[in-house]
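If you want the building blocks of each chain, they are given just below.
Number of protein chains: 2
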Amino acid sequence: MSISCVAPHAQGKINKDRIFGASGAAQKRIKEIGAEKVTNATVGSILDDEEKFVVLPTVGKIYRSLKDTDIFSYAPIAGLGEFPRLVQEACFGASRPQGVYTDAVATAGGTGAIHHAIWNYTQPGETVITSDWYWGPYKVLCQDMNRELDTYTMLTEDQHFNLPGLTAKVREVLGRQDRVEIIINTPAHNPTGYSLTPEDVTGVLTMLEQSLAGTAKTAVVVLDVAYLDYGGEREAVRKVFRALDHLPENIFVLVAYSMSKSFSMYGVRCGALIGVSSSREQIEEFTNVNKVTCRATWSNCSRAAQSTLNIIYQDPALIDQIQEERNTYYRMIQRRGDLFTKEAAECGLKMVPYISGFFLSIPAKDSMAVCEKLHDDNIFCVPLAAGVRVAVCSVPLGKIKGMAAKIKKAMDACGE
Amino acid sequence: MSISCVAPHAQGKINKDRIFGASGAAQKRIKEIGAEKVTNATVGSILDDEEKFVVLPTVGKIYRSLKDTDIFSYAPIAGLGEFPRLVQEACFGASRPQGVYTDAVATAGGTGAIHHAIWNYTQPGETVITSDWYWGPYKVLCQDMNRELDTYTMLTEDQHFNLPGLTAKVREVLGRQDRVEIIINTPAHNPTGYSLTPEDVTGVLTMLEQSLAGTAKTAVVVLDVAYLDYGGEREAVRKVFRALDHLPENIFVLVAYSMSKSFSMYGVRCGALIGVSSSREQIEEFTNVNKVTCRATWSNCSRAAQSTLNIIYQDPALIDQIQEERNTYYRMIQRRGDLFTKEAAECGLKMVPYISGFFLSIPAKDSMAVCEKLHDDNIFCVPLAAGVRVAVCSVPLGKIKGMAAKIKKAMDACGE
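The listed protein sequences derive, respectively, from chains A and B.
Note that this note's numbering has the first sequence beginning at 363, numbered continuously upward.
Note that this note's numbering has the second sequence beginning at 363, numbered continuously upward.
Hints are not guaranteed to be accurate.
[Stated by the list, open to error] Going by beta-carbon spacing under 7 Å, a handful of chain A positions derived as facing chain B:
| no. | residue |
| --- | --- |
| 1 | G471 |
| 2 | T577 |
| 3 | T580 |
| 4 | W660 |
In short, the hints are calculated from the structure, not lab data.
Positions of the beta carbon are idealized from the N, C-alpha and C atoms, including for glycine.
The shape of chain A in the complex, shown without the other chains (with noise of 0.2 Å):
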């Protein structure tokens, strides 16, 4: 090109998405032989057993009777009236954190409440850590913002939380940098199905402490909850959330909520950023700064989202109701996965361990070829850096049977 108007730090930008390429090459080929006859594994977010979108009953029937304001006009910059404390309730459950200040700001989507957690409480130029096994976007994220992702190995040998592997990276980090953050997508870790135990939550947080004794350097946490309600038991898994009790006031927590999955709202992009900490100034700030950006890089967020939040969030027999429905579907992705790994265990195909949520992935070194070798049997998944990963939220449990064999067929035929 002679000339481009683009500045210097955005010049040849350019994503590949692997997600949205797996997925045109699914939707071909049910173009050529038939739904029926396609695994597509491509898809993130829930479809029935017939292969269905799911909305959660509750929230299109909510969403369907709003009046005219409620859906057209502006909601406020922060949030629609009681949205920032009811998004709490939601995120939280019976597991507030206690010792703590918190807020919260709407966000667009869980991806606008990664972009602030990133762009807020981060420098250009620093490195944010996250496990072997990421969201790919978090690297896009880093990379627009001018940020560093880097990576320690999630699970050690014997498949629990590498927290020796986490404690060398940070203090790798800290040895150049004034402050660490690090994104911990759990419960149901995306792509992987993985999840942290409250007990690995506050060693990651005792770490830190200990990590950050004697300077003045400070951390920052960000839990990305997506798939937080269909990690298992409503309550059970929001145990996690009182590891944040007491928090040191030099780490901050911030939590990514997102409506997209909780609330089967994907298109609707709403979400939130909720920051925890044990000084009420510093919850302060985390407002008034946050504020900021979401005026500065999107104003205001989609109020048919936060009205729908707010009227469910009002009203025990709704929430009853919407948890209801959210088990329904959690137990059905839950079948799913399970099929797949006993069939896996079965067959000796070796996976990243699957404990509940949208996706499970298997490692491969080359996982662009094994993907393309499973074409051959009419089965779509996305490759990724670390392995082949599988979204059990949109396969019909009829065709999750004899998929792990096809896979590992797939994974000899490649020499993996």
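Once you've looked at the hints, dock chain B against the given chain A.
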């Protein structure tokens, strides 16, 4: 605060929103004495002469007829289906610029479009130029992204577009930067209701071409057309886009399009950034670069908004219908603005020339004092740096009557 976990560049950020502040004061008075006795000229959306929130009937009907998947599923990052093409139809109408390439990406409202225009087309530390009368968030966006906002005097003494003033500012900035970005809010400029003629825009582009001649520098013109459909007759007002025909390669035009006003979808949060360039490669780069920033900021945008636009703009009958509806409300607002203008002339109240649109403005040195004085008459306006903003979009004609004289009285009382 003893410790802050916010990164240094973001510490202490706070936005005192004058619009929300003024709106809150109006709401308080309404509760005290009733809506019929209060003139609330702070609301930036259309209210009819019964002060009822207006949703364009065609938009309401289509939106409420959408299938679940057209609301709740994810949309693709750049836009849903034909959206990138159809949003250009909605924007350009019969005045699509000739001899140039164009493309569009969906954004989170018009604000999201301005965000990308600043983020990808300027560097940190650089100066962005806009007129002295400007929509306040331009400054918040620039500051949050570590850019400077500088201004030129928008109008000459004889109330024409001040090209000499802009020229001087452009040359000053090009004296220290390799590129210059100018944001022009037209037609129906927020906050004054002023519009540039097509000749004014041609003048800006010719001036830029001359200013860049013999250098390797570049210019970006951001046309913020948020009020396009309330700026005059449908095709007449769009003629400004033909000023972009055969752009020089070193001038890139970004059009920030918003569905907030044109579709009365303020709280649904959708718009588009449209790129215009005579270079095919630069347009490809535009799409790639901005898709990455979408991915890294909010992921995808409101599916319902895009579905609605796609349905309407694929059906000539629906296009005519929505244009008719916009025209009805354009005329309603115009009557209000014209009455205010007439009465202002009668009582000797000096105002910025109002042509059309949601807002008009009265220059004042201490706009805050004037606005507070107006509270005595139960009139609520927004105090801006350069004067008082009156939202004629939301004040019924009956309340406009006499308002200019009351503002004149308040101005006199404040020694303006």
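These are the hints, each one checked on the structure:
1. The interface hint given for G471/A holds, since its Cβ lies 6 Å from the closest Cβ of chain B, which is under the 7 Å cut-off.
2. Contact between T577/A and chain B, as hinted, is not supported at the beta carbon level, the nearest pair being about 11 Å apart and thus beyond 7 Å.
3. Interface restraint check for T580/A: the shortest CB-CB distance to chain B comes to about 4 Å, inside 7 Å, so the restraint holds.
4. Given hint, W660/A at the interface with chain B, holds; its Cβ is 4 Å from that chain's nearest Cβ, closer than 7 Å.
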